[in-house]
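Per UniProt numbering, residue 1 is the first one in the sequence shown, and the count goes up by one each step.
Heads up, some of the hints might be wrong.
The calculated SDA-like cross-link candidates involving lysine to any residue, where the alpha carbons are at most 20 Å apart (straight line), are [as the list claims (entries may be wrong)]: (1) 93 / 43; (2) 28 / 90; (3) 93 / 78; (4) 55 / 88; (5) 22 / 33; (6) 93 / 33; (7) 93 / 104; (8) 93 / 105; (9) 22 / 3; (10) 28 / 43; (11) 28 / 88; (12) 93 / 42; (13) 107 / 26; (14) 22 / 93; (15) 28 / 67; (16) 5 / 42; (17) 22 / 83; (18) 28 / 63; (19) 28 / 41; (20) 56 / 12; (21) 5 / 19; (22) 5 / 32; (23) 107 / 65; (24) 55 / 33; (25) 5 / 47; (26) 56 / 20; (27) 5 / 29; (28) 56 / 72.
Everything labelled a hint here was simulated from the structure, so no lab data went into it.
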Amino acid sequence: MPNIKLQSSDGETFEVDVEIAKQSVTIKTMLEDLGVDDEDEEAVPLPNVNAAILKKVIQWCTYHRDDPPPPEDDENKEKRTDDICSWDTEFLKVDQGTLFELILVRKENEWCEEK
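Please model the entire structure based on the sequences and the hints provided.
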């Protein structure tokens, strides 16, 4: 699989499968707009994501890479929290600050919005 480099706000570079990186609508759009592909050596800068959080996001996206796209939100449908897999339960056992940063990064970069 082709890889690209993502650079965190604190300068750490991660080599990531391009399909995993494209789970972020923001990164997918950036790659398309800039014409960046897996042949480029230059890292894609992510100025709003530190290395620790980026590492966790990559870990989550790698684990869930083959998941089907999420269903359309139905505002009237009750949200369930009892169907979270055990891997996700363990993944989310982090301190409150880390959890907040994960939520913020997910929203700002539109991670896993589309497949």
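Now for the hints, and whether the structure bears them out:
no.: 1; hint: 93 / 43; in the structure: violated (30 Å)
no.: 2; hint: 28 / 90; in the structure: violated (28 Å)
no.: 3; hint: 93 / 78; in the structure: violated (24 Å)
no.: 4; hint: 55 / 88; in the structure: holds (15 Å)
no.: 5; hint: 22 / 33; in the structure: holds (13 Å)
no.: 6; hint: 93 / 33; in the structure: violated (36 Å)
no.: 7; hint: 93 / 104; in the structure: holds (17 Å)
no.: 8; hint: 93 / 105; in the structure: holds (17 Å)
no.: 9; hint: 22 / 3; in the structure: holds (11 Å)
no.: 10; hint: 28 / 43; in the structure: holds (14 Å)
no.: 11; hint: 28 / 88; in the structure: violated (24 Å)
no.: 12; hint: 93 / 42; in the structure: violated (34 Å)
no.: 13; hint: 107 / 26; in the structure: holds (10 Å)
no.: 14; hint: 22 / 93; in the structure: violated (26 Å)
no.: 15; hint: 28 / 67; in the structure: holds (18 Å)
no.: 16; hint: 5 / 42; in the structure: holds (7 Å)
no.: 17; hint: 22 / 83; in the structure: violated (26 Å)
no.: 18; hint: 28 / 63; in the structure: holds (19 Å)
no.: 19; hint: 28 / 41; in the structure: holds (17 Å)
no.: 20; hint: 56 / 12; in the structure: holds (13 Å)
no.: 21; hint: 5 / 19; in the structure: holds (12 Å)
no.: 22; hint: 5 / 32; in the structure: holds (15 Å)
no.: 23; hint: 107 / 65; in the structure: holds (18 Å)
no.: 24; hint: 55 / 33; in the structure: violated (24 Å)
no.: 25; hint: 5 / 47; in the structure: holds (14 Å)
no.: 26; hint: 56 / 20; in the structure: holds (13 Å)
no.: 27; hint: 5 / 29; in the structure: holds (15 Å)
no.: 28; hint: 56 / 72; in the structure: violated (25 Å)
Hint check: violations occur at hints 1, 2, 3, 6, 11, 12, 14, 17, 24, 28; the rest are consistent with the structure.
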